[in-house]
Amino acid sequence: MMLWSLVLVPFVAGLVSYVIVSDRIRRSVWFIAMAFHLFISFFLSFDGGEAGMSLQGGWLTLDALSRIFMPLTSLLFAAATLYAIGAFENEHGRKSDPGKAASAKVRRLSPESVFTGCILVFLASMTTVILSHRLGLQWVAIEATTLASTPLIYYHQGKRSLEAAWKYILLCSVGIAVALLGIFSLALAASGVTSELSVDSLVTHATQLDPRWLKLVFVFILVGYGTKMGLAPLHTWLPDAHSEAPSAVSALLSGALLNCAFIGILRVLQILNAAGMGSFGEHILIFLGLFSMGVAAIFILRQPDYKRLLAYSSVEHMGIVILGTGLASEGMFGSLLHAVNHSFVKSMLFMTAGNILAIYATKRIDGVRALKNRVPLLAVLWFGGFLAITGSPPFGTFISEFSILQEAVNQERYVTVGLYLFFLLLVFVGMAATFSKMTFGATTDTAPPKPLHVWSLVPPVFLGLAALMMGLYIPQQLDTMLRNAAALISGGAL
Amino acid sequence: MINTISILLAITSLFLFGSSRVRISIRMVILQGFLLGIAFLYYNQAHLTIGTWIIGVSSIVLKGIVLPWLLTFVLHRSRAKLEIEPYVGFGTSLFIGVLLLGFSTYVAWNLAINTARTIPPALFSAALFLIFCGMFLIVTRKKAITQTIGYLVLENGVFATGLGIGHEFPFIVEMGVMLDIFVGVFLMGIMIFRIDRAFDHTDTHRFNELLDSIATEPADSAEMENIQ
Amino acid sequence: MWTFLIGCSVIELGGLFALLLLKREKAARLIATLFTVAGCAVVAVPVFQTLFGDGTAPVQLPWHLPLGEFHMGMDVLSAFFTLPVLILAPLSSIYGVGYLKKHKGSGAHYFFLNTLVTAMLLLLCAKNAILFLMVWEIMAISSFFLVTFDDHLQSVRAAGWTYMIATHVGMMALLAFFAVLSHQKGGFDFAALTADGELSPGVSSLLFVLALVGFGSKAGIFPLHIWLPEAHPAAPSHVSALMSGVMIKMGIYGLMRSLTFIGEVHASFGWSVLALGGLGGVVGIVSSLAQHDIKRMLAYSSVENIGIVCMGLGAGMLGMAFQNPALVALGFGGALLHVLNHSVFKGLLFLCAGAVVHETGTKEMNHLGGLMKKMPFIAAFFIVGAVAASALPPFNGFVSEFLIYFAGVQSAMTKDVSSIVLAAAVLTSLALIGGLAAASFTRVAGMVFLGEPRVPLKQVPKDPGWAMKMPIVFLALMALALGVASPLLIQTVADAQLPVTGADATLRVVAGDIVPSLNGISLVGVAVIVIFAIIAVLYRLIAHRKSVALTRGPVWDCGYAKPSVRMQYTPSSFSAPLNQMFQPLLGTRTALSRPSGYFPKSGAFETIVSDRVKDMFYAPLFRLVARVLLLFRILQHGHVHIYVIYVAATLITLLLVTAGN
Amino acid sequence: MSWMNAVPVLIGLILSPLLFGIINRVKAWFAGRNGSPLLQTYFDVFKLVRKGMVYGTTTSLIFQLGPALVLTSVLLALLMVPFGTMAAPLSFKGDFILLAYLLGVSRFFTVLSALDTGSSFEGMGASREVQFAALGEPTFMLGALLMAIYTGEMSLSGMVREIHFEAVGGQSAAVALLVAAWMMLLLTENSRIPVDDPNTHLELTMIHEVMVLDTGGPLLGMVTYASGIKLWIFSALIANLLVPNLHAGAVTQGAVFVAAVLLIAVVVGVVESIMGRVRMRQIPKVLVGATALVATGLIMTLAG
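Chains as they are written, first to last, in numbering that gives the first Met the number 0: chain A, 0 to 493; chain B, 0 to 227; chain C, 0 to 660; chain D, 0 to 303.
The set of hints was computed from the structure by calculation and includes no laboratory data. Wrong hints could be hidden among the right ones.
[As the list claims (entries may be wrong)] Derived lysine to aspartate or glutamate pairs resembling EDC-like cross-links, with alpha carbons at most 16 Å apart:
1. A:K158 <-> B:D195
2. C:K103 <-> C:E197
3. D:K26 <-> D:D196
4. A:K362 <-> B:D195
5. A:K436 <-> B:D195
6. A:K449 <-> A:E90
7. C:K372 <-> C:D494
8. C:K461 <-> C:E358
9. C:K184 <-> C:E197
10. C:K414 <-> D:D196
11. A:K158 <-> B:D199
12. C:K362 <-> C:E197
13. A:K158 <-> B:D202
14. C:K373 <-> C:E451
15. C:K101 <-> C:E24
16. C:K184 <-> A:E411
17. C:K372 <-> C:E358
18. D:K92 <-> D:E161
19. C:K184 <-> C:E263
20. C:K100 <-> C:E358
21. D:K92 <-> C:D512
22. A:K449 <-> A:E88
23. C:K362 <-> C:D292
24. D:K92 <-> D:E152
25. A:K436 <-> C:E24
26. C:K457 <-> C:E363
27. C:K101 <-> C:E451
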């Protein structure tokens with residue numbers, strides 16, 4: 000029953016908060032739902048029943064994979080909630096003080112209730128994606144995440160955010176339609192063998208599934224969920240959507256949503272590995288991974304807008320994750336660890352970007368100077384995030400990127416290693432120029448910046464520390480969970 | 000029976016290829032909705048349960064009545080009556096439509112893996128043709144509303160491929176798919192409404208404010224200096 | 000080993016306290032320096048234990064990191080490399096207390112300074128690849144923040160930026176190096192890595208190239224040195240002293256440690272390092288001759304000294320390849336001793352240059368001059384540093400270069416062709432470098448401190464406070480002591496190279512028979528000082544006796560009516576003949592604005608000095624890569640339709656690919 | 000340092016100013032003049048030491064102490080020069096490196112005291128001096144390497160004992176080249192005619208003289224005496240190469256050696272009389288030519 004509550008509570012809270020008028024009550028509803036979700040998911044994952052707890056014939060189960068992503072998503076959601084409320088305060092604060100009114104383009108804000116409602120439904124759908132063991136249900140949930148997140152993107156009602164939202168929904172829906180084709184062909188492949196499309200039954204009967212259809216399934220699912228995950232060349236919506244959405248939403252999009260799409264692909268990979276066709280998709284995955292890193296590197300070099308820069312770095316990191324999955328065995332462990340690290344660091348960076356936007360009121364990099372002197376805490380977060388996102392050691396991303404590199408070297412794929420390191424270097428060069436230009440430099444106006452609401456600063460600091468902790472000391476329990484998940488996906492071939 | 004339905008489906012999507020007026024395309028979509036609903040019921044008549052009944056009826060109601068109504072409502076409020084000069088002229092798109100029809104029938108017939116038992120080749124070719132038609136509409140038409148229609152046709156095509164194994168899908172999943180498509184199109188409708196108010200046009204061709212392709216000259220830009 | 004860890008944590012604690020006391024600058028500086036000095040004292044105990052005593056037990060802590068684990072141990076090589084850190088780290092923090100009086104933000108600065116010192120100490124004793132890489136990057140990051148201390152200047156930001164890119168290129172090479180190495184040898188622990196698993200020639204040369212790029216970019220070996228003359232002048236002087244004196248030696252330490260991993264050293268490795276060293280030395284000293292900025296000139300002289308160290312390393316490696324133990328002992332010995340000597344006299348020079356810049360406010364040598372009268376203390380010790388840097392006898396610079404010379408000549412004794420070619424190469428390049436170094440340092444010392452001030456200074460320069468003077472005096476004495484007491488050191492230097500060369504008894508014997516020469520050198524060193532004192536006293540008695548006139552008159556200027564200060568030789572004109580001679584290496588451009596019109600008001604002539612390697616190789620490469628990448632930008636043009644085509648195209652290509660297999 | 004070793008050093012100290020006298024006398028003989036007396040340099044030094052001292056206004060302590068250091072380093076260099084077959088008082092493996100660098104010290108401080116005066120002439124002289132010295136160093140080092148390979152010894156005294164110039168045989172060709180190269184080096188380092196003219200009055204053309212333009216009195220005396228010793232060192236090195244090992248008693252061997260050194264002074268005088276000055280731009284080519292000579296010598300030992 001607990002698992003269903005994880006889905007239903009946020010869903011109901013979302014519907015309810017559509018109608019609540021007063022901000023205070025709605026925020027408290029939102030807060031309670033978030034707290035409940037956080038507590039339950041941590042309680043279930045870390046010391047819930049050892050075996051996968053399934054319910055009602057396996058609709059929702061908590062297996063090794065979801066045991067990692069469930070707490071991660073709810074943690075990110077909690078951070079995003081706090082940040083969003085803090086950002087609203089900043090926004091209201093800004094609107095009220097007269098001096099600023101003229102300069103900042105005051106956009107007409109659709110009522111906050113739509114925002115809260117959608118974000119809670121968004122959480123519900125993400126939870127279903129992570130927990131569902133039925134691929135059909137999983138598809139529905141992923142489609143639901145798209146639909147729930149579209150209104151969040153055009154929350155600011157500007158021309159640019161509308162355009163971004165339109166491209167987002169159109170491209171993702173087309174992608175997911177292709178994924179639906181994949182689900183149907185999977186059903187066709189399993190038509191003789193098992194009736195319902197649950198992962199466990201498919202894995203047990205994997206060998207009897209028709210291999211040719213399985214290949215088709217893999218292609219459709221990869222293209223379908225790949226569009227959702229932002230792999231190049233299907234990534235084109237990601238920079239627009241993530242940069243135009245409010246920072247709390249882009250933090251959630253980059254941090255949590257991309258992982259859900261990744262889980263969709265992993266489920267199918269699990270079946271493929273069980274059917275002994277694991278090595279079939281390897282080359283495609285590695286190619287897509289490297290291609291995404293390459294495309295991201297192209298657009299990161301001399302990118303004028305820092306939120307788009309972070310979006311492209313999400314494309315790059317998803318490329319790394321897919322590259323790791325393609326390398327299997329140790330690479331799988333590296334990619335899962337990288338997905339977790341990336342979520343922490345990227346959402347921290349998006350929140351800090353939001354704070355910078357609140358103070359400097361411009362998304363252009365040239366508009367932001369001498370962050371170090373004006374807002375030291377933000378500068379520390381911003382530059383620390385830069386070091387984390389480019390995989391420098393004290394942070395967790397270094398460990399995961401190095402284990403993926405190690406796996407690529409173990410498999411003597413020297414071309415992949417060469418390209419991998421070259422793209423990482425290109426991304427570093429591109430980002431170094433941008434981040435150092437923003438952090439350092441001299442300022443002329445000595446006016447102290449507008450004080451930020453405390454809730455908009457606490458989550459990024461917390462996430463930054465989490466990323467640092469992941470780099471220095473990964474607790475034993477988390478490590479075993481990651482290893483079990485990797486083993487689960489690669490069919491115990493670790 | 001199935002052959003007639005698939006032929007009718009093919010004809011309606013051919014119309015979509017050729018029609019320049021949005022009103023006609025919406026009517027075609029209504030027709031497709033009904034056809035698919037009937038096909039679903041006919042196909043699963045062997046093991047008709049309450050669930051399949053509800054799904055069949057709801058698909059007819061949603062795709063045949065509610066969504067087209069919404070599209071017409073949005074059509075009236077946004078002044079985009081005509082689909083004017085799309086990327087590919089109507090004559091040529093019709094010609095491409097025929098080509099696609101040939102291609103999908105060719106693929107359906109000799110992709111003779113074990114679909115024989117679950118999907119008759121005729122329906123499979125119609126489904127493929129619908130998918131291609133949906134994709135084509137999204138790619139070539141400029142008006143936002145036509146793109147929504149294209150998406151709807153794409154979903155119909157995918158739904159058609161899934162006809163055969165409709166009964167095996169549990170009820171919730173089937174209803175979930177239906178609901179998603181409905182909410183999807185509904186949301187697109189609202190957005191067209193908003194776009195129309197914000198941009199006072201719904202021409203997606205002019206949607207290119209978000210881009211990176213301004214190739215800044217490497218030589219003169221300031222940063223290049225400090226890169227050395 | 001535990002004492003070592005305690006020492007490091009004390010230093011790091013100092014940094015944290017400095018961070019906490021952000022507001023009270025002076026207190027932060029003092030506390031941080033106190034902790035650094037105390038920490039270094041504590042660390043000195045295990046170091047001397049290892050060098051002279053029986054060594055310390057390694058420490059292995061279960062630190063749960065998926066790949067690596069916390070394994071620290073100190074062997075003789077790392078102990079020897081800790082010496083420069085222990086000397087320069089406390090001195091530069093003390094110097095910093097005085098130097099940063101007028102600057103803001105020294106709380107964070109000292110945090111990064113202490114982190115840098117701790118990172119270097121940990122790096123030297125890291126016995127696990129992952130730990131090594133992590134500490135390496137922390138060292139790079141903390142030194143980046145130190146370089147960009149006064150970041151309000153555009154040049155400092157550009158320098159910081161170039162520095163960050165260079166370190167990251169090195170980091171990429173190191174990642175690949177350790178990945179391939181642990182794949183070949185299995186496991187990340189240094190014990191496993193040094194196990195002599197047989198490496199195929201292809202793999203070992205790949206490893207060597209990666210190590211050379213990775214560690215070479217940090218050490219500033221010739222083709223990868225371009226960041227060094229950018230970063231060091233930008234950093235505050237005590238930081239550039241620490242970086243130039245100690246941090247680039249970590250690259251050399253890494254290179255020697257990688258030799259222990261690669262095991263069998265081919266002759267080609269030795270030749271390449273020797274060639275790079277020689278070339279780097281000559282280019283370094285020639286470029287330092289052409290510089291206008293005093294700290295840039297010192298940075299280039301660091302590139303030259305690293306070239307000399309590489310020549311020693313190259314000679315040592317060739318000795319291992321040719322199984323000539325004498326060459327091995329002398330080559331590595333010379334290199335190691337030069338590492339220590341260079342860190343001492345380069346630290347001294349940077350601290351003195353820092354005082355000059357601190358007082359006069361400008362780094363431009365053409366504007367300085369005649370500081371000897373206003374800042375006698377700094378001038379005197381700068382000249383001491385200059386003498387040591389051009390490797391002249393009484394001081395320590397000469398001893399290590401003597402060892403490398405000796406290695407060259409010793410190798411020629413075997414009379415086979417390749418060793419004579421080696422000897423000729425080493426001797427010519429070292430002699431040329433020696434001559435040019437003398438030219439370069441007489442130029443700096445002469446032009447900056449002697450003669451008359453060329454441009455009137457805003458405020459009258461005076462000698463700095465005791466905080467800045469004390470380290471300078473200590474370093475000068477250290478330079479003299481190392482120069483004179485070299486025979487005592489040769490034994491420790493011979494032991495320090497054992498991890499690399501393998502415990503070979505003959506090394507100890509060979510080192511033994513160099514001792515009489517070193518005795519001779521220290522004898523001559525002492526004799527120079529004694530006889531100089533005697534002659535100076537005699538001169539004083541004769542020339543300044545009562546009965547003789549002692550007057551001051553104008554300097555002979557060919558009877559010119561109105562001599563002006565501008566008529567003096569400037570540093571650029573001093574090195575003009577040599578610059579013209581080495582023009583192909585330097586690529587200096589001249590900008591001339593000719594006086595025009597019948598009554599010309601002003602004309603100007605200026606030489607613009609830039610790094611030839613950077614202009615000919617790196618800048619075009621960067622521009623090419625940027626241009627190629629910008630071509631692909633049209634991918635994201637904003638049209639939804641074409642984005643959908645992308646999706647369809649990927650679907651079709653993947654279908655075709657899967658249909659294929 | 001037994002009693003016997005002190006004698007060569009004493010002879011060196013006493014006879015070195017004589018060399019200038021011989022050179023000037025040879026030049027005068029060529030020009031048909033009587034020329035100044037042989038001991039002229041001694042008289043100059045005594046006179047200078049007793050005179051008063053005039054310091055330039057811009058000079059600092061370096062100017063006063065520089066020449067003292069120059070003299071010290073040259074004296075110590077003299078200690079290491081072997082005297083015929085008799086070993087030098089201070090000889091160890093690789094002492095030629097120390098010799099070169101001691102001469103480096105003297106050059107370093109001559110240049111510094113020149114720059115201290117702040118006059119443009121002295122700056123010009125210093126800049127030229129530094130350029131030519133840098134190019135001269137490799138010649139000396141390679142020459143020493145050639146001798147080390149040729150004799151298998153690593154200390155100057157050891158080399159001199161083994162080396163002997165027989166008229167015939169491949170080896171001697173290499174030694175001949177070495178002598179020629181070191182002769183060029185002598186002429187450059189001691190500012191003799193082909194490279195620099197010690198007696199010119201035109202400041203713009205001087206190299207060494209201009210650096211001591213403003214030194215007078217006792218300082219000038221010290222500098223002249225130091226340059227005398229320096230000339231003695233170079234001539235002694237070349238003489239060691241030429242004088243064969245007569246296996247006779249130490250006294251006769253010493254006498255022959257001193258005669259050889261004086262003979263070299265005569266040769267220098269002859270060269271100065273018959274040759275004009277090389278243009279300033281060509282001097283680097285001369286020095287690089289000297290290095291090339293030694294390099295060919297090296298290659299010959301390899302071939303031989």
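Hint-by-hint comparison with the structure:
no. : hint              : in the structure
1   : A:K158 <-> B:D195 : holds, 11 Å
2   : C:K103 <-> C:E197 : violated, 55 Å
3   : D:K26 <-> D:D196  : holds, 13 Å
4   : A:K362 <-> B:D195 : violated, 26 Å
5   : A:K436 <-> B:D195 : violated, 39 Å
6   : A:K449 <-> A:E90  : holds, 11 Å
7   : C:K372 <-> C:D494 : violated, 46 Å
8   : C:K461 <-> C:E358 : holds, 7 Å
9   : C:K184 <-> C:E197 : holds, 9 Å
10  : C:K414 <-> D:D196 : violated, 41 Å
11  : A:K158 <-> B:D199 : holds, 11 Å
12  : C:K362 <-> C:E197 : violated, 53 Å
13  : A:K158 <-> B:D202 : holds, 13 Å
14  : C:K373 <-> C:E451 : holds, 11 Å
15  : C:K101 <-> C:E24  : holds, 10 Å
16  : C:K184 <-> A:E411 : holds, 14 Å
17  : C:K372 <-> C:E358 : holds, 14 Å
18  : D:K92 <-> D:E161  : holds, 15 Å
19  : C:K184 <-> C:E263 : holds, 14 Å
20  : C:K100 <-> C:E358 : holds, 12 Å
21  : D:K92 <-> C:D512  : holds, 9 Å
22  : A:K449 <-> A:E88  : holds, 12 Å
23  : C:K362 <-> C:D292 : holds, 5 Å
24  : D:K92 <-> D:E152  : holds, 8 Å
25  : A:K436 <-> C:E24  : violated, 26 Å
26  : C:K457 <-> C:E363 : holds, 14 Å
27  : C:K101 <-> C:E451 : violated, 28 Å
Hint check: violations occur at hints 2, 4, 5, 7, 10, 12, 25 and 27; the rest are consistent with the structure.
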